[in-house]
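When you get a sec, could you build the whole thing from the sequences and use the hints?
There are 2 protein chains.
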Amino acid sequence: MDRILRRREALRAELAAKDLAALLVVDPTNVAYLTGFTGDSSSLLVGRDRDLILSDGRFTTQLEQECPGLEAYIRPSVQTMNQAVAHVVAGLGLSSLGFEAAHLSVADWESLKGELKTTSLAATEGLVEKLRSIKDADEVALIREAVAIAQDAFLKLKGELKAGETEKDAADRLESHMRALGATGTSFPTIVAVGKRAALPHARPTAGTRIGDDDFVLIDWGASGRSSYKSDLTRVVVTGNVTPKFEEVYRVVLTAQERAVAAIRPGAKAQDVDAEARSFIEQAGFGRFFDHGLGHGIGMDVHEGPRLRRESPTILEPGMVVTVEPGIYLPDWGGVRIEDDVLVTPDGREVLSSLPKGLDSVKP
Amino acid sequence: MDRILRRREALRAELAAKDLAALLVVDPTNVAYLTGFTGDSSSLLVGRDRDLILSDGRFTTQLEQECPGLEAYIRPSVQTMNQAVAHVVAGLGLSSLGFEAAHLSVADWESLKGELKTTSLAATEGLVEKLRSIKDADEVALIREAVAIAQDAFLKLKGELKAGETEKDAADRLESHMRALGATGTSFPTIVAVGKRAALPHARPTAGTRIGDDDFVLIDWGASGRSSYKSDLTRVVVTGNVTPKFEEVYRVVLTAQERAVAAIRPGAKAQDVDAEARSFIEQAGFGRFFDHGLGHGIGMDVHEGPRLRRESPTILEPGMVVTVEPGIYLPDWGGVRIEDDVLVTPDGREVLSSLPKGLDSVKP
Numbered sequence: 001m002d003r004i005l006r007r008r009e010a011l012r013a014e015l016a017a018k019d020l021a022a023l024l025v026v027d028p029t030n031v032a033y034l035t036g037f038t039g040d041s042s043s044l045l046v047g048r049d050r051d052l053i054l055s056d057g058r059f060t061t062q063l064e065q066e067c068p069g070l071e072a073y074i075r076p077s078v079q080t081m082n083q084a085v086a087h088v089v090a091g092l093g094l095s096s097l098g099f100e101a102a103h104l105s106v107a108d109w110e111s112l113k114g115e116l117k118t119t120s121l122a123a124t125e126g127l128v129e130k131l132r133s134i135k136d137a138d139e140v141a142l143i144r145e146a147v148a149i150a151q152d153a154f155l156k157l158k159g160e161l162k163a164g165e166t167e168k169d170a171a172d173r174l175e176s177h178m179r180a181l182g183a184t185g186t187s188f189p190t191i192v193a194v195g196k197r198a199a200l201p202h203a204r205p206t207a208g209t210r211i212g213d214d215d216f217v218l219i220d221w222g223a224s225g226r227s228s229y230k231s232d233l234t235r236v237v238v239t240g241n242v243t244p245k246f247e248e249v250y251r252v253v254l255t256a257q258e259r260a261v262a263a264i265r266p267g268a269k270a271q272d273v274d275a276e277a278r279s280f281i282e283q284a285g286f287g288r289f290f291d292h293g294l295g296h297g298i299g300m301d302v303h304e305g306p307r308l309r310r311e312s313p314t315i316l317e318p319g320m321v322v323t324v325e326p327g328i329y330l331p332d333w334g335g336v337r338i339e340d341d342v343l344v345t346p347d348g349r350e351v352l353s354s355l356p357k358g359l360d361s362v363k364p
Numbered sequence: 001m002d003r004i005l006r007r008r009e010a011l012r013a014e015l016a017a018k019d020l021a022a023l024l025v026v027d028p029t030n031v032a033y034l035t036g037f038t039g040d041s042s043s044l045l046v047g048r049d050r051d052l053i054l055s056d057g058r059f060t061t062q063l064e065q066e067c068p069g070l071e072a073y074i075r076p077s078v079q080t081m082n083q084a085v086a087h088v089v090a091g092l093g094l095s096s097l098g099f100e101a102a103h104l105s106v107a108d109w110e111s112l113k114g115e116l117k118t119t120s121l122a123a124t125e126g127l128v129e130k131l132r133s134i135k136d137a138d139e140v141a142l143i144r145e146a147v148a149i150a151q152d153a154f155l156k157l158k159g160e161l162k163a164g165e166t167e168k169d170a171a172d173r174l175e176s177h178m179r180a181l182g183a184t185g186t187s188f189p190t191i192v193a194v195g196k197r198a199a200l201p202h203a204r205p206t207a208g209t210r211i212g213d214d215d216f217v218l219i220d221w222g223a224s225g226r227s228s229y230k231s232d233l234t235r236v237v238v239t240g241n242v243t244p245k246f247e248e249v250y251r252v253v254l255t256a257q258e259r260a261v262a263a264i265r266p267g268a269k270a271q272d273v274d275a276e277a278r279s280f281i282e283q284a285g286f287g288r289f290f291d292h293g294l295g296h297g298i299g300m301d302v303h304e305g306p307r308l309r310r311e312s313p314t315i316l317e318p319g320m321v322v323t324v325e326p327g328i329y330l331p332d333w334g335g336v337r338i339e340d341d342v343l344v345t346p347d348g349r350e351v352l353s354s355l356p357k358g359l360d361s362v363k364p
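Protein chains in written order, with the UniProt record's numbering: chain H, 1 to 364; chain A, 1 to 364.
Rather than coming from a laboratory, the hints here were simulated on the basis of the structure.
Possibly wrong hints are sitting among the right ones.
When chains are identical, the list treats them as one kind, so a pair holds in a single copy or across two.
Okay, derived cross-link-like pairs now, DSBU-like style, lysine-lysine, Cα gap no bigger than 35 Å in a straight line [what the hints assert, rightly or not]: (1) Lys18 x Lys113; (2) Lys18 x Lys245; (3) Lys113 x Lys130; (4) Lys130 x Lys117; (5) Lys196 x Lys117.
From a predicted model like this one, the values you see are computed outputs, not experimental measurements.
Set out below in structure tokens:
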């Protein structure tokens, strides 16, 4: 069976277990995962024995090319998507319809309720996301490719990086390198943050700050590769002096990151992996300067399940791919974050990224 | 008064008119518009006499820098956003709270309802979007800048374009040019579609199709400039023969586009502007090959209000900025679309984009 169809069959089994006649999938990434369709503005109806994508005339030809064999309902432009769903659901005689509560807006839910005559709506959460959190071999290969593109582009940039160029120029060039290496784009807006600006975990590169304005630069980047699979990495590059304070902070982050990576294995709780890094950083006296989760799943979205953070009860399973990215951010000094992408394997873990991260490697 | 604060005052007047004690703004672009904050994962509470942004520790410093004077509630990581909202709302003693029904998911709405003890929720739609649809002078200047970047990059690309390079290479270079000219990125994934592939209104550039594989290439692109204001343009470039069929289709689209642009003025109905182009294309016999709306507002989002399409009752007002982009798509032949960005002025309209589009200009 084709891998895309296999996903819909897995979802169908979930529907049967939950006694749902059908699920309306509205999240564009979930639709893409279940169909291979790369457009937008389209919803998928997965029923007990029939699937149907609802779209509009802009995508007729694209659907034929990307989703051969998938039944499509092309709504006329005078019909809204919710009217189209009601029309199709009535035709199928569905008495109940599951919907994605985390993705359907209250406004669309009200409108859909108004259009449906005899079909009741049932909220569901995370059904497709749960399937997506376990990658198959093809997906792991696509993530490996996105990691390789990101790494090659970084090494090229690092070799060229010179004092005086702006954060924005460096970020633009990193993106250009990733595209030239086959990426369709970046996973997210690249972060290039010099010195103090690295104290902002989500800093945007500026044209006003230059490489060399401070002793180091933090780069957080990723490639969106074929079929949109993503990578997400962070490294710090020293361009000036390695101060004792930098060494101290860097060593703490690196050890915390390595401990967390080593804690990844099937059966481990996500919150325990987070705690592995967090408790080490706390013991080193930097606890209040690590104020975000340890990591997140990557795949077709750069942020997806599972989340590695406090209170996360998720149990890790083989096939999950997560980032591990502890950081310490000191206001008016800067920040250090180290991030790798890690696959949960049947025996433990495989770190998919391989850029050097030892203190020696970041020295100029 | 500062322009950002003026926006919140305008929203406050709307709240008073609707007898709402406060509005919870969750859409990231709406939050950015009302605060100047460029991060994410943050919500804004606009009350009768007090505004407050709810965020997390990753954004503490960034909020201080980007939103001086705006009160911030930094939620601890053990508190969810909905718990934080309930906490703040209880502190303010609000009896009712408006929310953005088009942006709040059913899941978040259910969760928020559960957290709120004595506050009732009231659905609102489009309050901030309505303000955003009318641009002030600063915003128009930012859009002009985004248009200029896109145009300069296109002219550079057009001068270099050569047979044999892939659609993807051309799209990557266009993006690289826009960034070098000051863009923070593209407005949306660039479309470079050669010949038959231009029959897909939302074609993605491929590495398998090359410039010169067919007689012409359609390019739909835009720059995201400072403060994320966007441009959105489409031109067709002929790289081979100008066939009689191409001439016929191109002339119809061009005339339809020019007629629609000329129909733009304050007081005109959006659906009438759409009809101006649509009826011309229908009379020319291509009606069923123009299966999308005529255009959309641009601003901080590349698709925002007002929509120019069938059934749209919106009345155009000075300060609105819209795309005008009719197209004809013939399966197995290709497609032609021509798109400019147009400002509604007190007297009529100003076309912000100025790239040549006459049939002579597209010939090789």
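Going through the hints against the structure:
| no. | hint | result |
| --- | --- | --- |
| 1 | Lys18 x Lys113 | both (21 Å within a copy, 25 Å between copies) |
| 2 | Lys18 x Lys245 | neither (55 Å within a copy, 55 Å between copies) |
| 3 | Lys113 x Lys130 | both (26 Å within a copy, 25 Å between copies) |
| 4 | Lys130 x Lys117 | both (31 Å within a copy, 32 Å between copies) |
| 5 | Lys196 x Lys117 | neither (59 Å within a copy, 42 Å between copies) |
When held up to the earlier numbered hints, the structure conflicts with 2 and 5 and fits the remainder.
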